[in-house]
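*Asks:* Spelled out, the chains give:
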Amino acid sequence: MDLVLFYLFAAIAVGASIGVIGQRYPMYSVLLLIGSFIGLSGLYVLLDSPFTAVTQIIVYAGAIMVLFLFVVMLLNAPREEGPVIDPRRPAVFSTGPRRAGGLLGLAFLAEMIWALWRVQSSPIDADAEVAAHVSSVREIGIQLFTQHAFAFEVTSVLILVAMVGAVVLAKRNL
Amino acid sequence: MDITQLVAHLVVILFAFTMLITSAAVLVLAERKVAAFVQQRLGPNRVGPWGVLQPFADVLKLLFKEELRPRAADSFLFWLAPVLSATAAFAAFAVVPFGAETTFFGLLDEPVRLQAGDVNVAMLVIFAITSMGIYGIVLAGWSSNSKYSLLGGLRSSAQMISYELSYGLSLAAVIMLGNSLSLTDIVNQQAGAWWGVVPKWFLFLQPLGFLVYMIAGIAETNRAPFDFPEAEQELVAGYHTEYSSFSFAMFFLAEYINMVTVSAVAVNLFLGGWHLPGVPLWLGWAVWLAKVAALLFFYIWMRWTLPRYRYDQLMHFGWKYLLPAAVVNLLATAAFVLYVG
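Chains as they are written, first to last, in our numbering: chain A, 1 to 174; chain B, 1 to 341.
For reference, chain A alone in the conformation it holds in the complex (with noise of 0.2 Å):
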């Protein structure tokens, strides 16, 4: 059943992120990039910690995209057409947006190789008492608030920057 579902969960997450590239017209691929943050949040769910999927729903697909579908919607975004690209030439050795495109790719295919090799050096701790721990609300929060203090309170003041400069760009006035 779990196996079934999982499938399910990870084809609608690939497969929508497929879509969002995939495709050209802006406002499908963010309603495709929403549909692949909830196959993501069922994935998380099939990893028994309901917390994290439903602040994966709550944030991203609940707000983030909200503002991102609102760009969308008020540039009236058309259809995309790209540039015209020679398909003999491999993607690294092409120009402009593709070739920094294919370098971002090899990077990501490196680290991930890396990553996976990484993890197989040290198998994961299956212990369904550190599972319990690592998906409970109030142990997220404990550890949030004490060891991860620093970093937390530094991503907050990142985003009060951002807020401020927003409001100073928009309006100068006030």
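A hint or two may mislead.
Claimed, not checked - Result set (SDA-like, lysine to any residue): computed pairs, CA atoms no more than 20 Å apart in a straight line:
1. 147(B) with 171(A)
2. 147(B) with 65(B)
3. 171(A) with 70(B)
4. 171(A) with 162(B)
5. 320(B) with 170(A)
6. 171(A) with 312(B)
7. 33(B) with 307(B)
8. 171(A) with 237(B)
9. 65(B) with 307(B)
10. 320(B) with 168(A)
Since the hints were derived computationally from the structure, they do not count as laboratory data. These numbers were taken from a predicted model, which means no experiment stands behind them.
We have chain A already, so just place chain B on it with the hints.
*Replies:* Same frame as chain A, now just chain B:
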């Protein structure tokens, strides 16, 4: 889970679903009747005794209408928007408990919860699903390719994002007070009474929180005096201007079901859910229904009494009064829980 438990659970889910649809019909009639009484009219009284069959006549009329779609509309999103709205409205109610655990008068061996889905982060699930409901309205506004729809959709998303903050903060205060994310836990903490008279409802510990929740809830469901997305005098009908027939009915249904969900959550969080001092627990569902009905009446009463805000007043109020009030309430509750509770 044995087979009787499973059947009982399915019955509860089916019951909740049917009850929601019925509640929309009842609300339509109630709205028209209350509106009539407020305006010294009689209201619908031709279809059935006292007009009780009016909602069914309305539904039939909507079903037999022609389904229209503007030529310039994005056909897939135009179809998807009302579906999203209605789905989000129904899904949010799934985690709301509507009565104490019951064995149905000894019919079952183990008690079953009167709740469609039992999750321990129920509060957050409701918050997540309501925030998904915005997409229905935004997409309807955009995909219709009509200026009235677009303006309505934009207004509603700005409004919902603004008021969602206060909404979430008022929920957070109750979560701290109840020290739990489960609605059932929070309801059960409100059993009993102080000094034998005052019921132990969180309303009395969180008066400001309740006020913020109700105001933000009304804004979230786009009801008067915050019904900007529709604003028929300026925007024809707002985001659903171009919709007709059944897809319009779905938006209509979503609006009423969202009202029911907001009221039901308010009852569970602030008004003691199915607890009322002196009433036995097996009558809890009736107590719960009566409380929800009272809040829904308040919703309708308000719509036909108050004029609509101006749009800048709405934003001004949301950001400069409601949000600070919610923050103060959260801090005060945190201090209270830390030092007294």
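*Asks:* Each hint should be assessed against the structure and marked as holding or not.
*Replies:* To see whether the hints hold, each was checked on the structure:
1. 147(B) with 171(A): Violated, because 26 Å separates the two Cα atoms, which is more than 20 Å.
2. 147(B) with 65(B): Outside the cut-off at roughly 24 Å; violated.
3. 171(A) with 70(B): violated, 37 Å
4. 171(A) with 162(B): Roughly 18 Å between the alpha carbons, so the hint for residue 171(A) and residue 162(B) holds.
5. 320(B) with 170(A): holds, 18 Å
6. 171(A) with 312(B): holds, 16 Å
7. 33(B) with 307(B): Holds, at about 19 Å.
8. 171(A) with 237(B): violated, 31 Å
9. 65(B) with 307(B): Violated, at about 31 Å.
10. 320(B) with 168(A): holds, 18 Å
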